[in-house]
Structure formats: structure tokens, C-alpha cells
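Novice: Top line first, the protein sequences correspond to chains A and B. Using our numbering, read the first sequence as starting at 1 and increasing by one per residue. Using our numbering, read the second sequence as starting at 1 and increasing by one per residue.
Just so you know, these hints were derived from the structure itself, not from any lab. Any given hint might turn out to be false.
Below, computed lysine-lysine pairings styled on BS3-like, alpha-carbon distance capped at 30 angstroms [claimed, not checked]:
id : chain 1 : residue 1 : chain 2 : residue 2
1  : B       : Lys174    : A       : Lys350
2  : B       : Lys83     : B       : Lys100
3  : A       : Lys350    : B       : Lys126
Listed below are the residues making up each chain.
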Amino acid sequence: MMQMYFLLIPATLLFFVFSVQADEFRFPMPEFESGYHYPEQVLPEAALTNPWVDVLVLALVLALTAWIVLRRRSRRELLALTVFSLLYFGIWRQGCVCSVGSLQNVAVSLIDPAFPLPWVVLIFFLLPLIAALFFGRIFCAAACPLGAVQELFTVFPIQLPRPLDRVLRLFPYLYLGLAVLAVCLDSGFLICIYDPFIGLYRLGGSFNMLLAGGILLAAGIFIGRPYCRYLCPYGVLLGWMSSFSKWHLRIPEKACIQCKLCEEACPYGAIDFPITEAAPLTREQGAKRLALLLGIAPFIVLFCAWIGMTSHVYLARLHPDIRLTERVLAEERGEVEGWTIESEAFRSGKVPIPALLESAHIIQKRYKRGAAWLGAFMGVVIAGMIARLSIVRRRADYEANRTYCVSCARCFAYCPVEEESPCVTQ
Amino acid sequence: MSCLNRRDFLRAAAATVGSGIALQAVQPGAEATVWQIDPALCVQCGRCATNCVINPSAVKCIHSYPICGYCDLCGAYLQPAAKNRDTGAESQLCPMSAIKRTHIEGVYYQYTIDEALCVGCGKCVKGCAMFGNGSLYLQVQRDLCVNCNDCAIARECPSGAMQRVPLSRSYLLKTDPPGEVPGT
Numbered sequence: 001m002m003q004m005y006f007l008l009i010p011a012t013l014l015f016f017v018f019s020v021q022a023d024e025f026r027f028p029m030p031e032f033e034s035g036y037h038y039p040e041q042v043l044p045e046a047a048l049t050n051p052w053v054d055v056l057v058l059a060l061v062l063a064l065t066a067w068i069v070l071r072r073r074s075r076r077e078l079l080a081l082t083v084f085s086l087l088y089f090g091i092w093r094q095g096c097v098c099s100v101g102s103l104q105n106v107a108v109s110l111i112d113p114a115f116p117l118p119w120v121v122l123i124f125f126l127l128p129l130i131a132a133l134f135f136g137r138i139f140c141a142a143a144c145p146l147g148a149v150q151e152l153f154t155v156f157p158i159q160l161p162r163p164l165d166r167v168l169r170l171f172p173y174l175y176l177g178l179a180v181l182a183v184c185l186d187s188g189f190l191i192c193i194y195d196p197f198i199g200l201y202r203l204g205g206s207f208n209m210l211l212a213g214g215i216l217l218a219a220g221i222f223i224g225r226p227y228c229r230y231l232c233p234y235g236v237l238l239g240w241m242s243s244f245s246k247w248h249l250r251i252p253e254k255a256c257i258q259c260k261l262c263e264e265a266c267p268y269g270a271i272d273f274p275i276t277e278a279a280p281l282t283r284e285q286g287a288k289r290l291a292l293l294l295g296i297a298p299f300i301v302l303f304c305a306w307i308g309m310t311s312h313v314y315l316a317r318l319h320p321d322i323r324l325t326e327r328v329l330a331e332e333r334g335e336v337e338g339w340t341i342e343s344e345a346f347r348s349g350k351v352p353i354p355a356l357l358e359s360a361h362i363i364q365k366r367y368k369r370g371a372a373w374l375g376a377f378m379g380v381v382i383a384g385m386i387a388r389l390s391i392v393r394r395r396a397d398y399e400a401n402r403t404y405c406v407s408c409a410r411c412f413a414y415c416p417v418e419e420e421s422p423c424v425t426q
Numbered sequence: 001m002s003c004l005n006r007r008d009f010l011r012a013a014a015a016t017v018g019s020g021i022a023l024q025a026v027q028p029g030a031e032a033t034v035w036q037i038d039p040a041l042c043v044q045c046g047r048c049a050t051n052c053v054i055n056p057s058a059v060k061c062i063h064s065y066p067i068c069g070y071c072d073l074c075g076a077y078l079q080p081a082a083k084n085r086d087t088g089a090e091s092q093l094c095p096m097s098a099i100k101r102t103h104i105e106g107v108y109y110q111y112t113i114d115e116a117l118c119v120g121c122g123k124c125v126k127g128c129a130m131f132g133n134g135s136l137y138l139q140v141q142r143d144l145c146v147n148c149n150d151c152a153i154a155r156e157c158p159s160g161a162m163q164r165v166p167l168s169r170s171y172l173l174k175t176d177p178p179g180e181v182p183g184t
């Protein structure tokens with residue numbers, strides 16, 4: 001230790017002498033007499049796999065799924081494809097690039113044109129949506145690695161009560177809104193951070209996320225696909241597209257005999273039962289109900305926007321600068337002992353505390369507006385759900401709900417009308 | 001199909017609008033970006049070693065020889081309390097023994113990083129920054145990095161040193177001419 005100090009004295013002196021010429025170097029570079037040459041610096045080039053292979057595989061898997069679901073109507077073949085997707089997109093590609101996360105990249109590049117959006121990411125975002133517009137949510141059926149792992153874990157499915165299921169299905173909207181808000185306000189890619197199954201593909205990850213993934217999979221043994229149904233934000237977009245789908249799967253090939261077997265077989269609560277006895281509304285009644293709905297909808301939207309706006313203080317903590325500001329302020333007030341790595345790094349930098357406070361203020365202001373929009377979005381979603389519940393459409397047969405059905409093909413085997421021959425839908 | 005019904009119209013409209021918006025978002029010619037550490041901002045907290053999704057981390061220490069002092073008493077190589085200035089394991093600061101010390105001439109020693117052993121903990125970087133010229137610093141190795149959407153290190157980096165840089169200029173070297181370093 002003594003030696004160290006002795007050497008530090010000349011080093012300090014040298015530092016002062018040298019700082020006149022070059023601030024950054026304490027020690028002069030040696031002038032070698034033995035003809036020494038600096039070794040060459042090895043800087044390896046990027047070895048990223050060709051992303052177009054992924055695009056090709058995705059397109060092929062989607063096409064195959066559509067063919068298997070709509071023409072072959074084979075659960076077993078679909079399961080084989082599911083395992084393939086899990087192995088390729090999950091284990092081999094380690095869950096990246098995925099369509100679910102790509103929506104954040106698309107969202108942020110819409111807000112900030114300087115953010116580069118590679119073609120591959122854009123295609124990963126659009127391809128499943130376009131496929132859903134034609135064939136339903138076939139991406140969920142066999143291409144999505146997140147869906148695949150849950151599909152394989154759905155062993156002893158139980159049916160959740162329909163009202164509970166429909167209320168829980170509001171959460172994906174909230175998650176979608178939050179993820180878009182966070183990514184647009186520079187607070188990180190929530191969907192990637194809280195991807196519960198990525199730890200499984202990578203055989204490692206933070207304890208909390210491994211725990212979350214484990215709990216979701218364990219719950220998924222009984223409650224089919226809990227992430228897809230009650231969390232997945234991309235599922236919301238797919239659901240919207242799928243509700244307009246041209247060739248969505250049909251459960252009975254020919255005439256439905258209303259045996260209810262498919263509804264019992266569906267682990268995801270995605271089969272609508274027939275409604276025959278509902279008395280048709282008169283024109284006057286219908287108009288009255290519509291007027292009532294339109295009357296209360298603005299209040300729901302405003303109320304939700306207000307809730308969003310009042311909660312912006314908590315939401316703003318998604319931004320690392322807000323967390324840092326709160327920590328530094330608490331340290332200044334003496335409320336907490338010691339420094340964290342973040343506050344230490346901040347204090348060793350050149351930014352003064354007032355500048356940090358000012359930037360935190362700007363971020364909070366942006367969050368106030370963003371949170372109000374998020375609340376309004378949730379209000380529209382809730383009003384839409386109420387509207388859908390109060391408008392009763394007649395249905396003669398058991399039908400797959402186009403928004404919620406993930407085309408898993410489980411119901412086909414239960415349908416007594418099912419034949420071996422490939423059917424022509426529509 | 002004889003005529004366009006409402007559903008077909010909606011479908012076509014949605015596809016057009018969706019693709020249009022998405023295409024609008026694409027910046028043609030926008031270069032792909034990758035994650036890299038700005039050595040001027042790095043505070044050597046050690047999180048690079050533990051937070052990367054790759055294990056061991058894609059972050060490694062690199063050495064810019066032209067700015068190294070070739071010190072005998074190297075703050076990056078030796079433990080602060082080391083009794084001897086030698087290659088003994090008890091004298092070394094690096095937990096992986098990834099730094100090789102070779103004598104060049106006189107009082108000058110060359111230090112070489114064995115990147116296969118390096119875990120990116122930054123202990124040597126801290127030592128070099130505190131006692132030396134700062135010729136050792138952390139960089140993301142391009143061949144190891146999988147370029148995550150949201151870099152797990154960037155998320156936990158206390159000083160915002162992990163940044164996106166253009167792929168063509170994907171190393172931020174201290175020997176780069178000043179002013180040309182992207183991201184600063």
C-alpha cells in the first residue's frame with residue numbers, strides 16, 4: 001500500500017503538468033526504444049443472422065396454419081406446427097423478433113420519425129394482422145411463440161364464468177395503451193421488459209420474470225392461455241382485424257345440431273351460444289336504447305380520462321428520470337440514507353439538480369396529457385363493451401367468436417357433424 | 001364475387017390504411033442501429049456483467065494501446081493492496097484473470113485482454129480510470145450482441161452510457177478523432 005502512495009505523488013504531479021496539454025491522460029505515452037509496435041485492435045463485426053429468413057419462416061408458418069385450420073381441419077397437424085414455432089421463434093431465435101413487441105417499434109416510429117424502423121420489424125407487425133383480416137387469428141394458433149408455449153400447457157382447462165372472462169379481457173386494452181404510452185414517452189419497451197416467457201426460451205432471466213412466467217404457465221394448465229386472453233396487447237389488434245375476417249374457421253362444416261359440445265370443448269371461452277328466444281326490439285325501443293348508450297358514452301370516456309389524468313404521477317414513474325429525480329430529492333431532504341448507483345452517477349455528472357427537476361417537470365407534463373388520452377381510450381373500450389352487451393344479435397348456431405377465437409382447432413374433433421373430407425368454408 | 005360488400009370494403013380499407021401508416025413511418029435509407037457504450041459516460045457500475053441477456057455478457061473490456069501508459073504499477077491489473085507487482089493470482093484485480101501482463105522494455109509493461117475470459121465486470125476499467133490513462137474501457141462486442149429491442153443493460157445503466165449507434169460506426173473508441181464519435 002505504501003508503494004502505491006509513493007508512486008501516486010509523482011503521478012499527481014505529472015497530472016498537473018500534463019493537464020496543461022492534454023486533460024485526459026495522467027501518464028505520458030512511452031517512447032519505445034526496442035522497436036515495439038502496438039498490437040492490432042480486434043473489433044469483431046456484427047454477426048446478426050439474416051432477418052429475412054425469419055420473415056420467410058413466419059410467412060410459411062402463417063400460410064401452413066391457414067391451410068391446416070381451414071382446409072385440413074386437423075388439430076394434430078396444428079399441434080406439430082405449434083411445436084415447430086416454439087422451437088424456431090422461441091428456443092432458436094430466443095423470442096426476438098416477435099410481432100407482439102414489434103407494435104412498440106411501429107408506435108414509436110409513428111411519433112418519432114428519426115427512430116429507425118427496419119423493414120423486417122414492420123413486416124413482422126403487419127403480416128399477422130393482414131393474415132387475421134383474411135383467416136382469423138391464425139398467428140395466435142401456431143405462429144406466436146408466446147401462444148405456442150401456453151397452448152402446450154393447456155392440459156386440464158376449466159371454463160371461467162363468461163362475465164368474468166369478458167371483464168378480464170379488458171386488461172389487454174389497458175396493457176396496449178400503457179405500452180404505447182410508455183414507448184412514446186421514452187420510458188422503455190414494456191412488452192419486451194415484461195415478456196413472461198422469454199426467460200424460458202433463454203434459459204435464464206430475472207427472478208421476478210421467471211416467477212411470473214412460471215405462475216402464468218401453472219395457471220395456464222387450468223385457465224387456457226392466460227397471457228393471450230388477459231394480457232396480450234397485440235391480441236387486441238389481431239382481434240379487431242379478425243372480427244372482419246373473410247374466411248374465419250367454422251365449427252360445423254354443414255348444419256349445426258346445437259349439441260353444445262364445442263362450447264364445452266373450447267378452453268378459451270371463444271364460442272358464442274345461439275340466441276333465439278330474444279324478442280326483437282321495435283324500432284322505437286332500439287332508438288331509445290341507442291340514444292341512452294350515446295348519452296352515457298361521453299361521460300364514461302370523460303370519467304376514465306379524468307382517472308388517467310389524476311394517476312399520471314404514478315404512471316410517470318415508468319420513466320427512469322422521474323425515478324431518479326424522486327430518489328435525489330429524497331436524498332436531499334435526508335429521507336433516505338446513502339446513494340444508489342443511479343444517484344451516484346447523476347451526482348458525478350455535470351447536470352445540476354435544478355436542471356433535473358426541470359426535465360422531470362416536462363416529462364410529468366407529457367405524462368399528464370398521455371395518461372388522459374390513455375384514460376379516454378379505456379373509456380371508449382368500456383363504452384364499446386357496454387354497447388356490445390346491450391345489443392343482442394340473434395344467432396341460430398354455435399359460432400366461434402371472431403374476435404376471441406385463436407383458431408386452435410380443438411373444437412373440430414368434438415363436433416359430431418365433422419367429416420373427414422376437407423370442407424369449403426364460406 | 002359480384003360486388004363489393006361492406007365487409008370486403010372495410011377489410012380492404014383497413015389493409016390500405018394500416019399499410020399506408022406503417023409505410024409512412026419507415027424512413028427509407030434509415031441505417032440500422034445497434035447498442036454501444038459511450039466510454040465517456042460509463043461509470044463502471046458493474047451492471048453490464050450481470051444484466052445482459054447473453055451469459056456471459058456481450059460487453060467486454062477492450063484496450064486502446066496508443067493511449068496506454070504501459071505502467072508497471074497498473075491500477076487495472078493489480079489489486080489496490082497487492083504486495084507484489086507480479087502475475088500472481090493474489091496480485092490480480094481481474095476476477096477472471098483475463099488480463100495478461102508482458103514485459104516490453106525498461107519500466108514498460110503491456111497489458112492484453114483475453115476477451116474469451118472477460119465477463120465485462122469493469123473492475124479493471126474503474127482501476128484504469130482512477131489511476132491511469134483510461135485506456136481500458138467497456139464496449140459491446142458486435143459479434144456477441146443480439147441487438148435486443150430494449151437492451152437489458154441500457155435499461156439498468158445508471159448513466160445512460162448504453163446508446164444506439166449506426167451499425168457502420170458501431171464501436172465508440174477513445175482513439176477515434178474527436179467530434180466524429182456518434183452519439184456524443
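Novice: With reference to the structure, classify each hint as holding or not holding.
Specialist: How the hints compare with the structure:
1. Taking the CA atoms of Lys174(B) and Lys350(A), the gap is near 20 angstroms; set against the 30 angstroms cutoff, the hint holds.
2. Our distance criterion of 30 angstroms between C-alpha atoms is met by Lys83(B) and Lys100(B), whose separation comes to about 18 angstroms.
3. This hinted pair checks out: Lys350(A) and Lys126(B) have alpha carbons roughly 19 angstroms apart, not beyond 30 angstroms.
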